[in-house]
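Each protein sequence line maps, in turn, to chains B and P. Last residue of the first sequence: number 290 in my numbering, and the count goes up by one each step with no gaps. Last residue of the second sequence: number 560 in my numbering, and the count goes up by one each step with no gaps.
For the record, the hints were derived by calculation from the structure and aren't laboratory data. Please read these numbers as outputs of a predicted model, since none were measured by experiment. Everything hinted at is true.
Ranges between beta-carbon positions, derived for each pair:
{"#": "1", "chain 1": "P", "residue 1": "Val348", "chain 2": "B", "residue 2": "Leu139", "range": "17 to 25 Å"}
{"#": "2", "chain 1": "B", "residue 1": "Asn19", "chain 2": "P", "residue 2": "Ile553", "range": "13 to 21 Å"}
{"#": "3", "chain 1": "B", "residue 1": "Ile91", "chain 2": "P", "residue 2": "Ala352", "range": "27 to 35 Å"}
{"#": "4", "chain 1": "P", "residue 1": "Gly460", "chain 2": "B", "residue 2": "Glu39", "range": "38 to 46 Å"}
Note that the Cβ used here is the ideal one computed from N, Cα and C, for glycine as well.
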Amino acid sequence: MTAGTMATRPAAPSHAKRNLALLGTALVVVWAFISVDIEWDELLTLPGSIGNLFYRMFLRDGLDWSYLPQAGAAMLDSIWIAWVGTIIGAILSLPIGFFGAKNVSSGLVSNVVRQVLNGIRAFPELVLVIVVFIPIAGLGPVAGALAVGLHSVGTLGKLTAEVVEGIDPGPVEAVRAAGGRPLQVQRWGVLPQVLPEIVAFWLYRFEINIRAAAVLGVVGAGGIGTVVQETIVYRRYDKAGVAIIVVIVATILVDLVSGWVRRRIIEGAGAKRVSGEDLVEQPETAEVKP
Amino acid sequence: MTAASEAGAGARPEKPPRSFAALAGLAAFAVITWFALSEDFGIGLDIGELIENATRGVDIWAEFMRPNWGFVPQTVDPMIETFQMAVIAAVVGCAVALPVSFLASRVTSPNLAAYLADRGVLSVVRAIPDILYALIFVAAVGIGPLAGMLALLFFNIGVVAKLLSETIDGVDTGPIEATRAAGGTGLQTSRWAVLPQVMPNYVAYSLYTFELNIRASTVIGIVGAGGIGQLLNTQRAFFRYDNLAVIIIELFVFVFVIELFSIWLRRRLV
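With the hints as constraints, model all of the structure from the sequences given.
This is the structure:
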């Protein structure tokens with residue numbers, strides 16, 4: 001610094017730590033590639049075997065479209081599981097989210113609630129089904145819906161708490177000044193501010209839960225997962241192909257409808273101005289606060 | 291606003307009527323929920339029955355409470371395999387997702403056809419859940435970590451490409467104009483004007499998918515795609531809840547450690 005004549009360049013900042021982290025990461029990656037129990041020359045036959053699977057699925061005898069009603073019914077089951085699971089998650093996470101918000105509950109309570117939510121999120125739905133809900137509800141869609149619901153509480157509770165922490169304190173003070181009791185303050189001062197965003201989260205979670213519910217069947221928790229697994233195990237690829245197409249189409253449809261409703265809730269009915277530009281590009285408006 | 295002033299002081303302004311859309315939405319919600327809960331059409335959720343049966347799981351849970359710690363050595367190799375699959379899939383998946391996301395953003399996509407085609411493929415890739423990929427690849431290449439790695443790979447491409455293409459949509463356009471004005475081609479613009487802006491996000495998303503992979507690889511193993519999930523499934527089939535408890539506790543710790551490490555690494559790299 002002191003030697004700073006006009007012409008000398010400042011020393012480049014040290015990248016030693018970053019380079020060390022990069023080197024360490026690279027070593028782990030190389031180790032993983034070398035030591036993993038995969039015969040890498042299998043990759044050469046990979047396009048062939050995937051092509052063969054697709055051939056047997058779609059081309060050899062064609063898809064078995066007579067299987068469509070059965071696959072559709074199973075997918076509908078998955079949608080019901082996701083729906084009920086999302087409702088369970090929404091109902092439970094709303095009060096929990098309020099308790100998890102520092103500005104509404106005390107610091108200690110909110111910390112405890114946050115930690116519990118972190119714990120719930122750590123277990124995937126499939127593990128919850130096996131450990132908690134199949135023992136209670138037996139095999140079937142009810143166990144699936146309960147697992148989806150509990151897992152949703154983990155994420156929805158956290159998001160709700162974060163939204164509640166970001167509110168404008170003005171309305172809260174106003175309700176208090178007008179003599180509102182604590183519960184009334186939450187109902188009239190906080191809830192109207194956060195509800196649109198929270199409902200949007202619920203819908204977003206529903207989209208995620210559709211994907212979860214589509215696979216819970218592999219452990220016997222109902223829905224289309226069972227169908228896909230059985231048809232593949234019995235090598236009825238013509239039927240498995242139909243089931244997979246049903247999953248893809250249903251998931252995309254639900255995403256589209258739910259995404260549209262979300263945008264309407266966040267932006268209001270005025271957002272339905274359709275111009276050519278809107279059709280091409282959909283910016284991430286759902287994240288913008290109302 | 292004006293209604294209140296017209297009505298004069300003291301009079302309450304009229305409540306705005308409930309919007310038709312909101313009422314229709316509520317009605318649709320009620321009908322769908324009724325279908326979903328009903329015995330005949332939906333899943334047949336009976337809360338009374340559930341409460342009655344809540345104690346049915348007690349015996350099983352009692353076994354969960356006695357983890358068989360002698361089982362730990364047998365879990366080491368599958369756990370390492372899970373880690374390896376997660377690393378490889380994250381590295382390859384993020385590498386593939388980089389060009390894919392540049393094509394999937396209007397800012398950097400060379401033309402509308404490439405943009406729409408890429409978007410279309412991506413929405414199909416993202417609509418297939420990870421376990422479904424695992425089922426498909428187990429059918430194609432057989433049981434083992436290769437199927438699991440491939441399943442995670444596609445899952446990662448979907449996640450990173452979606453997040454990164456949305457980030458690219460939101461970049462500052464100033465550097466892009468500057469590069470164009472200096473005569474940069476489309477590719478050069480992406481490289482010098484866009485990539486430096488999204489690089490921190492890209493690194494963060496890569497680490498995030500790695501964390502997702504650790505969680506996901508526990509479940510894709512259930513259908514035979516290698517790693518700890520496969521072990522979990524065999525123990526489940528034998529009703530060895532004491533061994534299952536060990537696996538689940540290990541997973542919990544493992545995910546926690548990986549998360550801490552990932553946070554540390556993110557701070558170093560970004």
